[in-house]
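A.B. asks: Sequence:
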Amino acid sequence: MSDRLSTDPADDTGRARDAAGPDTAAAHAADTAAAHAAASAQLLAALRGSSPLVHCITNSVVTNFTANALLAIDAAPAMVDIPVEAGIFAGIASGLLVNLGTPHEEQREAAREAVAAASVAGTPWVLDPVAVGGLPVRTALAHELVAQRPTAIRGNASEIIALAGAGAGGRGVDAADTTDAAADAAAHLARTHGSVVAVSGPVDLITDGRRTVRIANGDVLLTRMTGGGCALGAVTAAFLGASRADADPADAFAATVAATLVYTIAAEIAAAAAAGPGTFAPAFLDALALVTPGEVAERARITVTDAATDGSRA
Numbered sequence: 001m002s003d004r005l006s007t008d009p010a011d012d013t014g015r016a017r018d019a020a021g022p023d024t025a026a027a028h029a030a031d032t033a034a035a036h037a038a039a040s041a042q043l044l045a046a047l048r049g050s051s052p053l054v055h056c057i058t059n060s061v062v063t064n065f066t067a068n069a070l071l072a073i074d075a076a077p078a079m080v081d082i083p084v085e086a087g088i089f090a091g092i093a094s095g096l097l098v099n100l101g102t103p104h105e106e107q108r109e110a111a112r113e114a115v116a117a118a119s120v121a122g123t124p125w126v127l128d129p130v131a132v133g134g135l136p137v138r139t140a141l142a143h144e145l146v147a148q149r150p151t152a153i154r155g156n157a158s159e160i161i162a163l164a165g166a167g168a169g170g171r172g173v174d175a176a177d178t179t180d181a182a183a184d185a186a187a188h189l190a191r192t193h194g195s196v197v198a199v200s201g202p203v204d205l206i207t208d209g210r211r212t213v214r215i216a217n218g219d220v221l222l223t224r225m226t227g228g229g230c231a232l233g234a235v236t237a238a239f240l241g242a243s244r245a246d247a248d249p250a251d252a253f254a255a256t257v258a259a260t261l262v263y264t265i266a267a268e269i270a271a272a273a274a275a276g277p278g279t280f281a282p283a284f285l286d287a288l289a290l291v292t293p294g295e296v297a298e299r300a301r302i303t304v305t306d307a308a309t310d311g312s313r314a
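Numbering (full-length UniProt numbering), first residue to last: 1 to 314.
No wet-lab data here; the hints were simulated from the structure.
Treat the hints loosely; a few may be bogus.
Listed next, with one range per pair, are the computed distances between beta-carbon atoms [to be verified]:
| id | residue 1 | residue 2 | range |
| --- | --- | --- | --- |
| 1 | A275 | P136 | 36 to 42 Å |
| 2 | D286 | D180 | 30 to 36 Å |
| 3 | H143 | I82 | 36 to 42 Å |
No experiment lies behind these values; they were computed from the predicted model shown.
Don't be surprised by glycine CBs; every beta carbon is placed ideally from N, CA and C.
Please put together the full structure from these sequences, using the hints given.
C.D. replies: Put into structure tokens, the structure is as follows:
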């Protein structure tokens, strides 16, 4: 077992340390946070060494920015979103993103074909259920696709709560709920569908139903530009694809944590150099291209808990 996998707080070592007392348990949590930071740095290096091919079925508002974000991080984007071709391409891609931001009829069929092909080929895929719960067509499609067991699900708190059947959704890219409010729903989705669930917000939450990581990196300017959340879904697909190709592959949980951590640290770096949203967007692409594994390990602000003790047991 690799170091990345052996840091699972739910493993026997973690339970033994927790039983030893609160001070030891706290030290173990800190060690695990450090291990996630180190693993994320390693995965960034692996991604840049493999240039994963990421198949994106995404919304028309963010296509250009999403492709540029993937190029910046050294992945190869492919925006293949028509029937027949989508199914073929998903079988050869390193990772797949299905984003439901503008789900017209042709794109809905392409998404179904791509997900089916990805499942056969073992291609990791990410579902981004934009505005689920608030609008009927995308809500029905999201429930149809989530039953196909996405590798990862990424959304804001309102979307995750609605997808789990516990709310009516938000205003699309805007979340009316906090990430902690979505903790139960995220853990339930993760356990029900075997997915890693990433909830975006001021503090991001990632869970696989057993482990929960919170990432306090990022900047509010990510919410002031189109595509700030949607591009993270594509970057997550890139990290999942790169992890699968690595000689010492991380699990999907570690890859999803790495994607969120690298992305939010790049946002912090960009915000420090930006005057506002207009200068933030290009600075963010530069930061994605230039952020180093060392910066990821040093700047990470991570906390780790066992989902069973985090109020996330559904």
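A.B. asks: Each hint: holds or not?
C.D. replies: How the hints compare with the structure:
For the pair A275 and P136, the supplied restraint of 36 to 42 Å holds, since their beta-carbon distance comes to about 41 Å. Judged by the Cβ atoms, the range 30 to 36 Å given for D286 and D180 holds: they are separated by roughly 32 Å. Range check, H143 to I82: about 23 Å between beta-carbon atoms, so the 36 to 42 Å window is missed.
Figure legend: structure checked against the earlier numbered hints; the only hint not met is number 3.
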